[in-house]
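Add chains B, C and D to chain A, keeping to what the hints say.
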Amino acid sequence: MFPILSAVLATLLVGTVLTFLSGKSARWVALATSFVFLAEVAYLLLQFPGWAGFAGGVPQFADGESYAWIHLGWLQVNYTLGIDGISLVLLVLTAILQLATVVYSWGETKKPAAWFGLLLLTCLGCVGVFVALDVLLFFLFWEAVLVPMFFIIGYWGGPRRRYAAIKFFVYTHVASIVMLVGLLALVFYSHATSFDYASVYAAAPSLSVVTQAFLFLSLFFGFGVKFPIVPFHTWLPDAHVEAPTGGSVLLAGLLLKLGGYGLIRWAVFVLPNGFHEVQPVLFVVAFASIAWGSVVSLAQRDLKRMVAFSSINHMGIVLLAIAVGSSLGLLAAVLLMFAHGIVSALLFMSSGSVHHTFGTRDIASVGGITPRTPVLATMIMIGSLASLGLPWLISFPAEFTALLATWDRLAYWVLLPLGILVVTAAFYIWMMQRMLFGPEKGIPESAHDLPAYETVGMGILAAAAIVFGVLPFLLVNLITASPIRVFPGV
Amino acid sequence: MDAFLLLDQWAFLIPLLMVVSFALVGLFGTRLRALEWGGWAAVGIGGIAMVLGVGIAIGEMLHPGTYVNAQYTWLHLAGTPGPFPEGISLVAGTLVDPLSALMLLVVTVVGFLVLLYSIGYMHHDRGLPRYYAELSLFLAAMTGLVLSNNLLEFFLFWELVGVCSYFLIGFYYEKPSAASAAKEAFLVTRIGDVLFLLGIFIYFFHFATTGPSGGWAANGFVFAHGTSPFLPTGSVGSSTLLTIAGLMILGGAAGKSAQFPLHVWLPDAMEGPTTVSALIHAATMVAAGVYLLAVTSVFIGFTATDQLAIVAVGGFTTFFAATMAVVHPDIKRVIAYSTISQLGYMVMAVGAGFAMVGLFHLFTHAFFKALLFLAAGSVIHALGTQDLFKMGGLRKPMRVTGTAFAIGGLALAGIPPFAGFWSKDDILGSMYGELGSHPLYWPFWILALLAVFLTAYYIFRAWFLAFGGNGPRDPTLPPAHEGSWVMQVPLVILSGMAVFGGLLIFVPGFQGLLLYGAGASGIPPVYGPTDLALSGISVTLGAAGIGVAYWLWGNGRIFVLPESSPLQPVRRLLLNRYYLKAAYDWVGARAVYGIARGADFVDRYVIDGTVHGFERAFGAASDRLRRGQTGVVSDYAAYVIAGLLGVFVLLLLVAPYLLAHLGGT
Amino acid sequence: MTTLPESGFLLLSGLLLGVGVFGLLTRRNFILVLIALEIAMNATILNFVYFAAFAPHAAGLSGQAIAVVLIGFAATEVAVGLAIVLGLNRLKGTIDVAQGNLLKE
Amino acid sequence: MNLGELAFLALAAVAVATALAALLVRELVHTILWISVFFVDLSAIYFLLAAPFLGVLQLGVYAGAVTVLLLFGIMVTRKRIFSREAAAGLGPVPLALAAVLVIFLVSAVGQLPAGTTPVTGYDPSALSAALFDTYGPYLLLLGLVMLGGVAGAIYLVREGRE
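Residue numbers (our numbering), protein chains in the order written: chain A, 1 to 490; chain B, 1 to 665; chain C, 1 to 105; chain D, 1 to 162.
Derived from the structure by calculation, the hints contain no laboratory data.
There could be a bad hint or two in this list.
[Claimed, not checked] Using 20 Å as the maximum straight-line C-alpha spacing, the simulated DMTMM-like pairs for lysine to aspartate or glutamate come out as follows:
| hint | chain 1 | residue 1 | chain 2 | residue 2 |
| --- | --- | --- | --- | --- |
| 1 | B | Lys175 | A | Glu440 |
| 2 | A | Lys441 | B | Glu174 |
| 3 | B | Lys581 | B | Asp330 |
| 4 | B | Lys175 | B | Asp125 |
| 5 | A | Lys441 | A | Asp362 |
[Said to hold, decoys possible] Derived CB-CB ranges, DEER-like:
| hint | chain 1 | residue 1 | chain 2 | residue 2 | range |
| --- | --- | --- | --- | --- | --- |
| 6 | D | Val106 | B | Tyr657 | 17 to 23 Å |
| 7 | B | Val647 | D | Glu5 | 31 to 37 Å |
| 8 | B | Leu645 | A | Ser66 | 48 to 54 Å |
| 9 | D | Ala7 | A | Val181 | 57 to 63 Å |
| 10 | B | Val647 | D | Asp133 | 29 to 35 Å |
Only a predicted model underlies this, so the values are computations on that prediction, with no experimental measurement involved.
For each residue, glycine too, the CB sits at the ideal point set by N, CA and C.
Pulled out of the complex, with its shape left as it was, chain A reads as follows (with noise of 0.2 Å):
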């Protein structure tokens, strides 16, 4: 069979390397790769046959490739991939950010070249993360990461960047070293044969439960720091306020994904009964960040630091869907990831838009821009609208199945995430009524609407908030072509 997932690695990998070696014609190589990476994934989707099953208690993934790699002795390391429909909805959630990320930093004059190749090395190890099932290929991706984003932050960024890449950078390195060592202990406690999941998974059961609720708390604090869950989360505000806009937008739309991602697949699905020991901790976080993202963005000025913390609010409801424990909930929390991936980058496009456009993020200092960037203030509206959770745009129904999830194991606890629905409401339309309405306040002469690549790239996540928004079955029936069907351990 055609290694098609090799096949996409490969041409993200190729089209890297071409963006940093063309200079200043980068840009039209990184669109063709992704138009090709688009192309790629929109070919996996069509011919996806559903989630492959079980042979033999092992799960079993579509377009799946292994090759021997590193074979000494005891230590089994192969390159294997394959997908189910979690991985092929964040491969299109990526294929969808990329493009649009490409497009909108069209007119990156700052080492165009180096910028774009690190955009794209970026989606490589995200791609990487969502494909690799051996844990050494899977680590070996997930801290691939870090260093494009480091650059980026670094050298991009705003004036205080240096401190928050590395902020950036320590949070999430100390975190992915603790996971590695629950990965290895993984590993090497349950005897797997192999690194490969596969193995991992079949031979975790045979470790006792106080075991596998250890080896799951250091994956969850992971895992948990890309989320990333309060009281870990200092780092995202600091990084997002100083990245470039292409920057956060691949920060809230990939990176936090990937904490959830791995959650799931590495955490949840081969420990369920640590899972289920620890569960109780998993729902106090959960509701603490939804709580706490969503309560200080009501506090913020900076319209980035703010939409930051919204993330923070929205990916713990992502991490109450997959705490719930239910096969509802990982669906909730997978869609969740999907739109939270949408919207959060076209409110970070738009806050981006809105810096270089009247010089400042300040909500306060800046008013009634309606009229003179109407494109500017429709883009935010309608992130606005999706963020909250009006029904029509994506999130919606993922928040909605999220909580109605939520109803089924908690029961009346759901009132705090639905009560906090009305603070995310407040400070989306707080904004809104401060920055989009009222009279011209602190716009410089020279603001204009926005330039036409940063339209087409906004044009594209909101095209997508609302086509998926308004048609949800089309993720739906992916991710349910997945192992939630069969969540273990209920």
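Positioned in the frame of chain A, the structure of chains B, C and D alone reads:
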């Protein structure tokens, strides 16, 4: 006749048409040579929708029945273990029954008239395409809501309606007050929406597992499946869970229909264009809450506790809102308070189990309230002010408008034979028959009865101030004039409905429509003035209200409450809206925002501060270590030797000790 | 062949290594440091030669072979070390170890 | 106590004494004298250990070449900059470290298995077999290191290139 039934399956075209109108006007409206063209396009499409809507309503009158077409799977959560082994299908589709037909009639007719009227009212506004696009989208959402065949679909349109209302309230977005009112409306109704959502969850899980027929379980939210949509009240029982669900639905309805305590947004929503107030904040959208209660009571049913709660909310709001209308100087806000009050009547009726009676009042109210708003709109359009105390003597230059406003006022006051009399009297009469078995309804029934007097008083106070007298009290106002024909025609049509709309009750087909759903409560509603004594009391109260209004304000009189009057504190209380708005503002701007600021502080300085504390500790430690890096070779050699000795110590002393004492191998 | 005190060689080797280390750490003249290093080196070589003579499986003479190699290394080391001393002398005008903190800068 | 033991004791005493003297005398030229005695002394010990080849090598390389090199180095630097040769600033620590090291090594001596057999006689063919067969690669490596060392030394002492 069969042709009318056939129309039911094309009902989905109505929202679709309006979406097309939205897309057309929204995308191309600004490109057209004359902005009105887009408006005319919307009016034309709205006209087609109206014809369809009226046809469907007539069909239902001739053949009352339920038509369900549920075939669009919106979300299919396949094979989810837990309570849904076969998975959950959220199926979208249309449902046409007498309830929705009546509502559809209201929405399409008033909608069309407002679209037409707006051509004149908004002709000077550069935002005309935006206005028509948003109005079209609103009509699409509203008709979609009316035709929804399950609660989730209902909720989808419910929210869309809300966001359209948000944009239309904030239509003059450069005005800070409009932007603020839009925000307030969105957030207050959002509180109700969240409760509504919880109600949906509860119903969903309850009926998915314990529903009476297999259809409930498989189709989740479908509340009318097949041919037996009715659920006897007894089957709902007194389950605590269902009581809570009912209260949540009440919460959602209270948010949308501006019932106490979520009523604060509606008076402020008058910041939008008057046409918007007429269509959305009087005739249709705010009635959606009542409609929600009605469909829930018909298809699912409320427990006795829920019913009492709904009656209490409705009855109290009826009186409460009317008191605030008594003192207000703004013509639109007087009508807005009146809307809240009238919605209270409907909520009360639905709560007491008379869904269709409530819907009947909704029907008549939609026409006469739209009439009042459009008439007020003519006045505002002509004068450019909303302050009643600046107006005066308008009946002469604006004869059509003055007459229309008077007809609307008479209908509102419940004077026979105007429309409001029949429906209001039905509510009071039907409930009166229930009072014996529900003693707790008494106080709210009396509040509602008292509100009749207040209603008549405040609306005629407004009429006398604006149209009575000899001329404007503020000489700086421009001379009044009547609007163009597009503004007058709707007034005339609506006047006709306000006069004769109530008499429809004597049309046999229409009456059959109203009998629908009676099975849900088991109590036959009262139609027509069966209890003449009761009718006499309410008509007397209404006439008394008009009389008092004439005595205080007639012939250009201005009634000034003496400074020493003991009623002054009451007046201040009413003018300040019982200080509820101030309290909400305090909660929002001080309490919640204060907590948010505090949390932000904690985030920056405590959580991040801890992180930085670690950073400093590591920094200090590494600084100590750094000083050892002298660069002198001898020092490095010493470190190497010391390290070597450390390895010796580990290998030769520590390791054997550990092995000996820990028993490892 | 006459018998020899078996542990004596090891003791001698250890003592010499100690002397060498002591010199390495305390001398400030770079040349003296080199000499101390050579003393320590010779102590090590002595160890190899001793084990070549006394170890149970000494027939292969591995110890002596390694010693040969080590002597070669030591000679190279002295040559390079002296070259460094000369370079330092030219650069800083001194061969004081405490002044030679180029590693820090 | 036989002759061998006596010889060893004498040679050992001389080795330690000369090593210390080399490090502790003030005059650098005297240091060279003492260290050359030390090298010769060790060469004698190798002869005693039935390793004449190494003894000769020690004489040639150490007592000869290295000594000359060191002398040369002293002559080039030539300055008597140290009026007093003092410890490098670490105080008693180096002495303590050296002492602990010695204690460790000496204590390890007792743990060696006793009863070893001295090799009698000198077998050049065995040595050459070991050197060129078993350790051939290392010898090759040594050659490379020496080459590198020479190149590095030349680079370092190259004049002028400031």
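Structure-based check of all given hints:
{"no.": "1", "hint": "B:Lys175 / A:Glu440", "result": "10 Å, holds"}
{"no.": "2", "hint": "A:Lys441 / B:Glu174", "result": "11 Å, holds"}
{"no.": "3", "hint": "B:Lys581 / B:Asp330", "result": "17 Å, holds"}
{"no.": "4", "hint": "B:Lys175 / B:Asp125", "result": "15 Å, holds"}
{"no.": "5", "hint": "A:Lys441 / A:Asp362", "result": "12 Å, holds"}
{"no.": "6", "hint": "D:Val106 / B:Tyr657: 17 to 23 Å", "result": "21 Å, holds"}
{"no.": "7", "hint": "B:Val647 / D:Glu5: 31 to 37 Å", "result": "34 Å, holds"}
{"no.": "8", "hint": "B:Leu645 / A:Ser66: 48 to 54 Å", "result": "49 Å, holds"}
{"no.": "9", "hint": "D:Ala7 / A:Val181: 57 to 63 Å", "result": "60 Å, holds"}
{"no.": "10", "hint": "B:Val647 / D:Asp133: 29 to 35 Å", "result": "33 Å, holds"}
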